[in-house]
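The hints should help you fit chains B, C and D onto chain A, whose structure is shown.
4 protein chains.
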Amino acid sequence: MLLPELREQVCTANRQLPAAGLVTWTSGNVSVRDPETGLVVIKPSGRMFDDLTPNDMVVVDLDGKVVDGDLGPSSDTAAHLYVYANRDDVRSVIHTHSTFATAFATAGLSIPVYMTAIADEFGCEIPLGDYAAIGGDAIGKEICRSIGRSPAILMKQHGVFTIGASIKAALKAAVMVEDVAKTVWYASQLGPLTPLPEAEITANHERYTHRYGTATASQG
Amino acid sequence: MLLPELREQVCTANRQLPAAGLVTWTSGNVSVRDPETGLVVIKPSGRMFDDLTPNDMVVVDLDGKVVDGDLGPSSDTAAHLYVYANRDDVRSVIHTHSTFATAFATAGLSIPVYMTAIADEFGCEIPLGDYAAIGGDAIGKEICRSIGRSPAILMKQHGVFTIGASIKAALKAAVMVEDVAKTVWYASQLGPLTPLPEAEITANHERYTHRYGTATASQG
Amino acid sequence: MLLPELREQVCTANRQLPAAGLVTWTSGNVSVRDPETGLVVIKPSGRMFDDLTPNDMVVVDLDGKVVDGDLGPSSDTAAHLYVYANRDDVRSVIHTHSTFATAFATAGLSIPVYMTAIADEFGCEIPLGDYAAIGGDAIGKEICRSIGRSPAILMKQHGVFTIGASIKAALKAAVMVEDVAKTVWYASQLGPLTPLPEAEITANHERYTHRYGTATASQG
Amino acid sequence: MLLPELREQVCTANRQLPAAGLVTWTSGNVSVRDPETGLVVIKPSGRMFDDLTPNDMVVVDLDGKVVDGDLGPSSDTAAHLYVYANRDDVRSVIHTHSTFATAFATAGLSIPVYMTAIADEFGCEIPLGDYAAIGGDAIGKEICRSIGRSPAILMKQHGVFTIGASIKAALKAAVMVEDVAKTVWYASQLGPLTPLPEAEITANHERYTHRYGTATASQG
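Chains as they are written, first to last, in my numbering: chain A, 107 to 326; chain B, 107 to 326; chain C, 107 to 326; chain D, 107 to 326.
Isolated chain A (complex conformation) (with noise of 0.2 Å):
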């Protein structure tokens, strides 16, 4: 059986997404690409979260070739190929429907840095890609167009797509982008809401990418 310890990985992750409240019934994906092989590993299709085991992870060239594994791949593999073709810092890429990056999705609309969260996570406003056909590549090829720096973007009438350096950041983007998605919705109902400066959206940004979770973390 072919990388292993990716399917595990892989596995570990698709499992996570029910967990933290962002996917319903068999909707939401994640894969990871191998550095060495340049293969991926993705989600099945149709299969329910809590029955997956690594076993039934796909692996797939960059081609969408099935080169290991018995179920069919997910039915958004081809974003997730175009994606690595043309993002060689991604190594991982989920999707989901999740409720408050969806419903800006499907109202078509971007989040903007409303608030610090956004600025730490995020550094811009997350961007609203255009309604893109679901099976081939034209998902893909919008994320490449739109995403920008962002590492997550919503899809017209769609959900959401994240991007990462490894499954874990992917995973992060994942959560909080509908974390911060439900904060802004509430506060959109309360009233008109306004950016941050963007002086102040790169000082956030570049504390949190550059010094928090460090041993200096309390200096800036």
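Hint data in this document are derived by calculation from the structure and do not stem from the laboratory.
On a predicted model such as this, the values are computed, not experimentally measured, just so you know.
Fair warning: there could be bad hints in the mix.
As the list makes no split between identical chains, a pair holds if one copy fits it or if it spans any two.
25 Å max Cα-Cα, derived DMTMM-like pairs, lysine to aspartate or glutamate [to be verified]:
#1 LYS171 with ASP195
#2 LYS247 with ASP162
#3 LYS247 with ASP169
#4 LYS274 with ASP157
#5 LYS247 with ASP157
#6 LYS247 with GLU304
#7 LYS274 with GLU304
#8 LYS247 with ASP195
#9 LYS247 with GLU306
#10 LYS247 with GLU231
#11 LYS171 with GLU312
#12 LYS274 with ASP162
#13 LYS274 with ASP156
#14 LYS247 with GLU312
#15 LYS247 with ASP156
#16 LYS247 with GLU114
Relative to chain A, chains B, C and D alone:
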């Protein structure tokens, strides 16, 4: 005891309703039709979900006569039976008052195909049925008249009914109608929403129902 | 120790409040009246629900005098006692600040019979009581004056009180008033709502209270 | 290892934040001041709550110098220290981005005393602090300037800080500010709200803080 295996399945499915957050206290019910005998196994009336055992399930014939069981059948039994008598393709019926679906039902609104998840799962607008009295077959008649090809219908000022070729299919529809109602509800407060074009609805539904979960799922 | 069985039941019911999501920290309380002695068993004041033991429950007479117990009784004790003194049919009183019911109370709104679940459970509009000071018997007086035949009342800018012929009935009312308040809240944001006609309210309530949960439940 | 007991308490309190639904991923932090040495024990920066052990806690002096601990202290450490240096009565500080409190903060709104639970717990409007940069002592200064007698303050476009004479008091304020923000949020969508009269606010707060939880609680 008649139909022990179906009693077990119906009991399990009823207990999944509170686990999925679709029901409160004793509201809601699941039934299944036995294809061989034509008998229907349904939840007893007014019992707490967590106390249900397979033995508590009630077996009725299509006229509503209890043929096995010590408890009274659900007060929605006549509605279930009317659907079975008039829809050969239906093997399971589920009724809930799940919050968001019932909110649309209470406001007298159907749920248009505002996003891909609705196209995937329902293939069309989730219809609104007219108000119908509880207890007799008025609800069953309105379901058959108005549900069309959707697996779910919102019943005005009441709740939601779903149907399926299996308990799992009806349960999936009950879970997904609440999930998409929730997302659309949040989207609806952000601004005006636009349904997907008919061609996109058809393309998504065709992909989802014909290729999703198969070994060629990624080829679409 | 007086009334060991009722202490056990009141303790269990109090601990069900956080389990049902109806209370936060120490707010909320359950009491029961012993039909033989007329004594009332109630939650102690200011204790965390998860720490409660039957021994912590406080036994008071109808004048509020502690006749057994080491802790002070709930600060809502006088309200409970006034209800017991003036409503012979009530054996249990419950008070919560559950989110949606309290939102209607805070906005100064009753909850009309917008859907069948309210007709079933309450049989009428869920009334709004005037603001009344906490601590004395003003709340009890307002409950008796305004609750009518409903098992629940919203107390303006405060929370919700429910009554029942048993702890289970009062607890069911506390769970269901929050459940219907939640659904009506979501419905209210979608557009104007219309109460059910009086004849439908009566028919639903009659069916629910007389035949629901019995062996002839499906005959209605 | 310095202050083993306080490390244990601070670790436990930090882990209660996700359990109470107040934080997501690594956001949020709890600290305590040792009354004898004046040292402060605080959560390390950027660590997942579920992985925290007492040994991970960081001990700093009032100048922010790490005196014991292998990890970097929370990026909010300077804010906590400023409060300790300027409020002798405060022994614990907590920071979260809890959804509803942060929604009010993001919309730039304080929370008036619309219901008794706010009068009980806070005794006054929950104030809104001006926007202040994260990392230095600007947040601490704004907390001290604007929190008044409330145990909680909403920091504009950021989140919430609470203070207390004990970890439990600060934690209770963090739980209750989110609970009342949630209820007020839902009430605010139903129509215009009116604060309680000043005399009722005072009466409720006096009863709650002086008699609640005591053996004479029911005498009020």
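For each hint, the structure was consulted:
1. In this assembly of identical chains, LYS171 and ASP195 lie within 25 Å of each other by CA distance solely inside one copy; the values are 22 Å within and 37 Å between copies.
2. For the homomeric pair LYS247 and ASP162, neither the shortest alpha-carbon distance inside one copy (28 Å) nor that between copies (43 Å) is at most 25 Å.
3. For a Cα distance limit of 25 Å, the shortest separation of LYS247 from ASP169 inside one copy, 15 Å, qualifies, whereas the shortest one across copies, 51 Å, does not.
4. Taking the shortest Cα distances, LYS274 and ASP157 sit within 25 Å of each other both inside one copy (21 Å) and across copies (15 Å).
5. When the C-alpha separation of LYS247 and ASP157 is checked against a cutoff of 25 Å, the pair qualifies neither within a copy, at 31 Å, nor between copies, at 38 Å.
6. Proximity of LYS247 and GLU304 under a CA criterion of 25 Å is satisfied inter-copy only: 23 Å between copies versus 28 Å inside one chain copy.
7. Neither within a single protomer nor between protomers do LYS274 and GLU304 lie at most 25 Å apart by alpha-carbon distance, with minima of 28 Å and 38 Å respectively.
8. In this assembly of identical chains, LYS247 and ASP195 lie within 25 Å of each other by CA distance solely inside one copy; the values are 16 Å within and 41 Å between copies.
9. Proximity of LYS247 and GLU306 under a CA criterion of 25 Å is satisfied inter-copy only: 18 Å between copies versus 31 Å inside one chain copy.
10. Taking CA atoms no more than 25 Å apart as the test, LYS247 paired with GLU231 passes inside one copy only; the shortest distance there is 20 Å, against 29 Å between copies.
11. With identical chains, the CA atoms of LYS171 and GLU312 are at most 25 Å apart between copies only, with a shortest distance of 22 Å across copies and 40 Å within one.
12. In this assembly of identical chains, the alpha carbons of LYS274 and ASP162 lie at most 25 Å apart whether taken from the same copy (21 Å) or from different copies (21 Å).
13. For the homomeric pair LYS274 and ASP156, the shortest alpha-carbon distances inside one copy (20 Å) and between copies (15 Å) are both at most 25 Å.
14. Proximity of LYS247 and GLU312 under a CA criterion of 25 Å is satisfied inter-copy only: 23 Å between copies versus 29 Å inside one chain copy.
15. In this assembly of identical chains, the alpha carbons of LYS247 and ASP156 never lie at most 25 Å apart, being 31 Å within a copy and 37 Å across copies at closest.
16. Proximity of LYS247 and GLU114 under a CA criterion of 25 Å is satisfied in neither setting, with 28 Å inside one chain copy and 48 Å between copies.
Of the hints listed earlier, those the structure fails to meet are numbers 2, 5, 7, 15 and 16, in rising order.
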